[in-house]
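J.: Now for the letters of each chain:
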Amino acid sequence: MTDEAKQLQNFNTRYADKYGFAVPENYVFRAKKGLSEDIVKEISFLKAEPEWMTDFRLEALRHFEQRPMPNWGPETLAAIDFQDIYYFVRATDRESADWDEVPPEIKETFDKLGIPEAERKFLSGAGAQYESEVVYHKVREDLKEQGVIFLSMDDGLREHPELVREYFGTVIPYNDNKFAALNSAVWSGGSFIYVPPGVHVQMPLQAYFRINTQNMGQFERTLIIVDEGAFVHYVEGCTAPIYSSDSLHSAVVEIIVKEGGRCRYTTIQNWSSNVYNLVTKRAVAYRDATMEWVDGNLGSKITMKYPAVHLLEPGAHGEVLSIAFAGKGQIQDAGGKIVHAAPHTTSKITSKSISKDGGQASYRGLLRVEDGAEDVRSNVVCDALLLDEHSRSDTYPYIEIEEQDVTIGHEASVSKVGEDQLFYLMSRGLSEEQANAMIVNGFIEPLVRELPMEYAMELNRLIQLQMEGSIG
Amino acid sequence: MTAALEIRNLHVDIEDQAILKGLDLTVKQGEVHALMGPNGSGKSTLAYTLMGHPDYEVTQGQVIFDGQDLLEMEADERSQAGLFLAFQYPVAIPGVTLANFLRQSINAHRKAQDPEDPGMPIPEFRRMLKSKMDMLQMDHGFAGRYLNEGFSGGEKKRAEILQLAALDPKIAILDETDSGLDIDALRVVSDGVNALRSENLGVLVITHYQRILNYIQPDFVHVMLDGRIAESGGPELAMQLEEQGYEWIRGQAD
Chain A
1087 MTDEAKQLQN FNTRYADKYG FAVPENYVFR AKKGLSEDIV KEISFLKAEP
1137 EWMTDFRLEA LRHFEQRPMP NWGPETLAAI DFQDIYYFVR ATDRESADWD
1187 EVPPEIKETF DKLGIPEAER KFLSGAGAQY ESEVVYHKVR EDLKEQGVIF
1237 LSMDDGLREH PELVREYFGT VIPYNDNKFA ALNSAVWSGG SFIYVPPGVH
1287 VQMPLQAYFR INTQNMGQFE RTLIIVDEGA FVHYVEGCTA PIYSSDSLHS
1337 AVVEIIVKEG GRCRYTTIQN WSSNVYNLVT KRAVAYRDAT MEWVDGNLGS
1387 KITMKYPAVH LLEPGAHGEV LSIAFAGKGQ IQDAGGKIVH AAPHTTSKIT
1437 SKSISKDGGQ ASYRGLLRVE DGAEDVRSNV VCDALLLDEH SRSDTYPYIE
1487 IEEQDVTIGH EASVSKVGED QLFYLMSRGL SEEQANAMIV NGFIEPLVRE
1537 LPMEYAMELN RLIQLQMEGS IG
Chain B
99 MTAALEIRNL HVDIEDQAIL KGLDLTVKQG EVHALMGPNG SGKSTLAYTL
149 MGHPDYEVTQ GQVIFDGQDL LEMEADERSQ AGLFLAFQYP VAIPGVTLAN
199 FLRQSINAHR KAQDPEDPGM PIPEFRRMLK SKMDMLQMDH GFAGRYLNEG
249 FSGGEKKRAE ILQLAALDPK IAILDETDSG LDIDALRVVS DGVNALRSEN
299 LGVLVITHYQ RILNYIQPDF VHVMLDGRIA ESGGPELAMQ LEEQGYEWIR
349 GQAD
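Sequence order for the protein chains is A and B. Note that the working numbering has the first sequence beginning at 1087, numbered continuously upward. Note that the working numbering has the second sequence beginning at 99, numbered continuously upward.
Just to be clear, a hint being listed does not mean it is correct.
Taking beta-carbon pairs under 8 Å as the criterion, some of the chain B residues facing chain A (in silico) [claimed, not checked]:
{"id": "1", "residue": "M149"}
{"id": "2", "residue": "P152"}
{"id": "3", "residue": "V156"}
{"id": "4", "residue": "S177"}
{"id": "5", "residue": "Q178"}
{"id": "6", "residue": "L183"}
{"id": "7", "residue": "Q186"}
{"id": "8", "residue": "V189"}
{"id": "9", "residue": "I191"}
{"id": "10", "residue": "V194"}
{"id": "11", "residue": "A197"}
{"id": "12", "residue": "Q202"}
{"id": "13", "residue": "A206"}
{"id": "14", "residue": "H207"}
{"id": "15", "residue": "Q261"}
{"id": "16", "residue": "D266"}
From the derived model, a few chain A residues whose C-beta atoms are all more than 12 Å from chain B [unchecked claim]:
{"id": "17", "residue": "A1165"}
{"id": "18", "residue": "R1373"}
{"id": "19", "residue": "R1463"}
{"id": "20", "residue": "G1504"}
{"id": "21", "residue": "D1506"}
{"id": "22", "residue": "M1512"}
{"id": "23", "residue": "A1523"}
Since the hints were made in silico from the structure, they are not lab data. Model, not experiment: these values are computed from the prediction. Cβ atoms here follow ideal geometry from the backbone N, Cα and C, with glycine treated the same way.
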């Protein structure tokens, strides 16, 4: 066997070893497959939710049922069978703040993924969601004392009902799109974060999402409120076992950044190749506030995700950094949206996509400047790198400007890894595989530089893993 | 044992057009050869073919390098075996620093010698890099710049010689290293090459002009016309060429 063939084989087994393993399902509760009003009521009942939330869920379900599938994006989306999915699986009957209390097979999963270790080393707090619910959650005591709230969304609703009711569904209403409606109907888990005025959470808060069951639907719901002059960096990671049948992950993330506050939200998505990943993420930024999305998409079968920032008051700034890697059989339909709804606001979208072995990566973005939003500056740069002839890259940059006094830059480039680049690197003794990996790492370097070191290393390692599958 | 690059009756096509038409040349470790010739005589084709560019098709002939059949090897294997090409037009690799690139190249060479080699320790690499950069009068900040991206002509050529110095090849081919250099840059680059001259390094200096040979004194000079060596001699041949031009050789050859 050639080295390359060995490495290819390793590539497949290595996802299986590292992320693709499954553990036995000793669950306390699993709702029957399929979606119905009864299932939605059951979820709400099991969580002992207030009536307004049950009503919200049911309204969302009605909207989901009426709303047609999107008539744009990847065509294979139509293959999702909404009745062949488990909408609610409770793996344990309680959430712990001590890893030792997490059921052993679940703890083992997160040990294997390195979560407790990461928490000890460099996090301000960590959460771990397994199937539908959060099984572990903890925030550092000193932050708690300063009034920082970091809970699962379920606990957030229980412990801070007024705060949740004030903001929940305000940034992304249930009728925003079909998948936001689905999430609103069956949501479970996710994070609830509140950072009080002036508090800077220095080290990141992290949540890790894990699907274990086959045909599982995971619908976490995250709400982050960054009060005046506060700062938080939230990081999420996600993986799942490899199954031949499909799973669905459809999250909703709402963020409110108040005057002078700053929020950075980093995602390193590495779902297995049988997961549909259809996520709605949106933030609103008030006066002089900053919102930054760093969105890395490496896994999944299809991803459709366009993190958005609505700049609502003067001085607000929004950024989206998007990295997508589409390998064999993958569609990464990613990008970002910025809406300038106020004057003197600025924004930047940077997208880097890599396609190989027939993968398809698309940049889909919206830049909107509303009437009266004068003195707006925005820059959009999207670069695509194709590693071979069979792969694809598309760019759909929508720009809607209703104001004269704006400065907009837009650049797009598609490059193929050139024979001359490969030859140059190989002439210095690097193998073709090493040369390709070096070119890819260089291509995303400007974005990786923005990540905290631990995540930059993780991202580089994942890309290395993806690259090792390449056959000359 | 002294390694040699032996080129025998080499014929090379690009897109079905014959460029090299029976070229013979031998360069040994410790020797400096100059290969001169007008534009279009096939000098750069020779350089790329020797390094293994996939677009160049060898239709006839043989190249033996250090006892091995060079033409059977991929470009990376040729490099690991001790062949080096300083490019006339080095390409940019955005996002990859010169230092990172050099370290990975050195480690690939070490691994080729010994699969168990853990790579050059970082402190040793830093010391080595700094001393070679000092030799080429390069600012140390250069190591952190992206490879060839936004480099001036002179900076690119210095970076090529830096790679030559760091990879320590047996035979190095310098493809028109003098092109696009002002006199000061030419002097620095040539001083660098001269500092590397030893019985362990053979050099093939490919050039259009005699100028660089004032700085890098060759042991042998060859003149290439229409895909083969038309004339070989000592350093005096370069002087003669400078005075009388390539037409003189053409006349001699006819």
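J.: Taking the hints in turn, state whether each one holds.
T.: Structure-based check of all given hints:
At a threshold of 8 Å, the smallest CB-CB gap from B/M149 to chain A is about 5 Å, leaving the interface hint in force. Contact between B/P152 and chain A, as hinted, is supported at the beta carbon level, the nearest pair being about 7 Å apart and thus within 8 Å. At a threshold of 8 Å, the smallest CB-CB gap from B/V156 to chain A is about 16 Å, leaving the interface hint violated. Against a cut-off of 8 Å between C-beta atoms, the interface hint on B/S177 holds, since the closest Cβ of chain A lies about 4 Å away.
Checking B/Q178 against chain A by beta carbon gives a least distance of about 5 Å; that is within 8 Å, so the hint holds. For B/L183, the suggested interface contact is upheld, since its CB lies about 6 Å from the closest CB of chain A, less than 8 Å. Look at B/Q186: its Cβ only gets to about 12 Å from chain A, farther than 8 Å, so that hint breaks. Proximity of B/V189 to chain A holds as hinted, the smallest CB-CB distance being about 5 Å (cut-off 8 Å).
At its closest, the beta carbon of B/I191 sits 6 Å from a beta carbon of chain A; the interface hint therefore holds under the 8 Å criterion. Given hint, B/V194 at the interface with chain A, holds; its Cβ is 4 Å from that chain's nearest Cβ, closer than 8 Å. Contact between B/A197 and chain A, as hinted, is not supported at the beta carbon level, the nearest pair being about 13 Å apart and thus beyond 8 Å. Hint status for B/Q202: holds, given a least beta-carbon distance of 6 Å to chain A, under 8 Å.
Nearest Cβ of chain A to the Cβ of B/A206: about 4 Å, under the 8 Å cut. The hint holds. At a threshold of 8 Å, the smallest CB-CB gap from B/H207 to chain A is about 5 Å, leaving the interface hint in force. Interface restraint check: B/Q261 against chain A, minimum CB-CB distance 7 Å, threshold 8 Å, status holds. The closest approach between the C-beta of B/D266 and any C-beta of chain A is roughly 11 Å, which is over the 8 Å cut-off, so the hint fails.
Taking the minimum C-beta to C-beta distance to chain B, about 37 Å, the non-interface status of A/A1165 holds against the 12 Å cut. At roughly 36 Å from the closest C-beta of chain B, the C-beta of A/R1373 stays outside 12 Å, upholding its exclusion from the interface. Every C-beta of chain B lies more than 12 Å from that of A/R1463, the closest at about 25 Å, which supports listing it as non-interface. Annotated as non-interface, A/G1504 brings its C-beta within 12 Å of a C-beta of chain B; the closest such distance is 7 Å.
Consistency note on A/D1506: stated as away from chain B, yet its beta-carbon is not over 12 Å from all of that chain's, at 5 Å minimum. Not every C-beta of chain B lies more than 12 Å from that of A/M1512, the closest at about 4 Å, which undercuts listing it as non-interface. At roughly 10 Å, the least C-beta separation between A/A1523 and chain B is not larger than 12 Å, which violates its mark as non-interface.
In summary, the numbered hints that this structure violates are 3, 7, 11, 16, 20, 21, 22, 23.
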